[in-house]
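Q: In case you want the letters, here they are:
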Amino acid sequence: MNQWKNFSKGFIKDNPVFVLLLGLCPTLAVTSSAINGLGMGLATMFVLVCSNMVISLIKNLIPDKVRIPSFIVIIASFVTIVELIMEGFAPALFEALGIFIPLIVVNCIVLGRAEGFASKQSFISSLIDGLGMGLGFAFALTLLGAVREALGNGSIFGYKFIEGDAILVFILSPGAFIVLGYLIALLNRFKKTI
Amino acid sequence: MEYLIIIISAIFVSNIVLAQYLGICPFLGVSGKVSTSVGMSGAVLFVMTIATIVTWLVYQYVLLPFGITFLQTISFILIIASLVQMVEIILKKVSPPLYQALGIYLPLITTNCAIMGVALLTVAKPDFDLLKGVVFAVASALGFGLAMLLFAGIREHLDLMDVPKGMRGVPIALVTAGILALAFMGFTGLV
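For the record, the sequence lines run as chains F and C. Just so you know, we're using this note's numbering here: the first sequence kicks off at 1 and counts up by one. Just so you know, we're using this note's numbering here: the second sequence kicks off at 1 and counts up by one.
These are calculated hints, taken from the structure and not from any lab test. All clues given are correct.
Incomplete in silico selection of chain F near chain C, CB under 10 Å: (1) 22; (2) 84; (3) 185.
Covered stretches of chain F (chain C as the covering partner; in silico rule of three or more C-beta atoms under 8 Å from a C-beta of chain C): (4) 94–108; (5) 166–180.
For each residue, glycine too, the CB sits at the ideal point set by N, CA and C.
Starting from the given sequences, assemble the full structure and let the hints guide the process.
A: This is the structure in structure tokens:
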């Protein structure tokens with residue numbers, strides 16, 4: 001398979017959030033600011049890359065019947081690693097993301113790539129797929145976070161460009177649904193023209 | 001009174017789907033028809049209650065005494081995954097009609113973050129005993145069911161509407177969910 005295509009499909013064509021609609025819970029929950037979105041995206045990317053690599057390496061050792069539980073255990077181990085690292089080195093981000101760090105385990109995108117891709121493909125392909133999909137996920141979360149932060153707080157990455165109050169509802173839960181809905185609609189429109 | 005506050009806040013004020021963003025996948029995925037959303041809500045109610053009881057007991061009597069709380073993510077997901085399998089097998093044997101109603105939704109529940117989320121939220125609250133945890137889990141599942149039902153009802157009507165081309169399907173569903181969430185924000189300050 002063409003590795004560049006394999007890498008780049010995660011951004012637009014098969015973007016986990018905008019096209020595949022996988023892993024929407026953390027997507028909506030943590031994107032109240034761009035930096036939280038980026039942090040969550042990178043944490044998920046780490047888990048995705050590591051679990052893809054390990055699963056593609058040991059795919060022949062796992063009996064077919066217990067494949068899903070084994071994948072879940074592998075993913076859960078990496079999530080625990082991320083949890084401990086984040087608690088140690090970025091406690092503020094850890095606080096902000098809350099229970100959505102342990103919930104990476106049940107993020108369908110990670111299990112979906114493990115089952116749909118890494119359990120069939122070679123080590124290198126799986127590594128590149130994990131990187132591409134993870135970056136696509138991080139990109140989507142950062143974009144959503146940036147739009148919500150700009151509309152709801154008048155700032156991007158904490159840099160304030162509007163003085164005073166903005167439209168607060170975009171930081172609260174209804175704003176998450178509405179902004180994501182319009183972003184997907186925009187992308188649908190944009191995809192038709194290219 | 002204490003229990004009433006837990007129930008009202010879990011169903012309305014911090015609704016698990018619309019305010020806490022848990023269980024969005026089934027919320028968007030199986031809310032096309034009212035009948036399927038009832039089935040899914042029933043399955044969630046069932047599994048969430050059992051899962052919360054078991055994870056609470058494991059947390060209090062195994063993880064805490066041995067000081068291995070860092071294993072909570074791994075142990076909880078394993079408990080939930082095996083529990084779902086067990087519930088499926090038992091239901092098949094004991095109550096075939098119930099199995100027929102809930103059966104196809106059960107495998108989906110393992111990766112439903114609402115189950116794991118409620119289990120994590122329950123053990124994270126220090127003042128919760130087992131009974132409060134169960135009440136919280138049941139009320140959260142009812143809140144999930146309420147949001148599901150409302151949303152499915154709206155979507156059934158939405159199918160008949162003339163939606164602009166780019167907004168068809170998921171985008172309009174998300175915007176609808178946003179407006180529903182806006183309505184639920186009206187409950188803020190109730191408790």
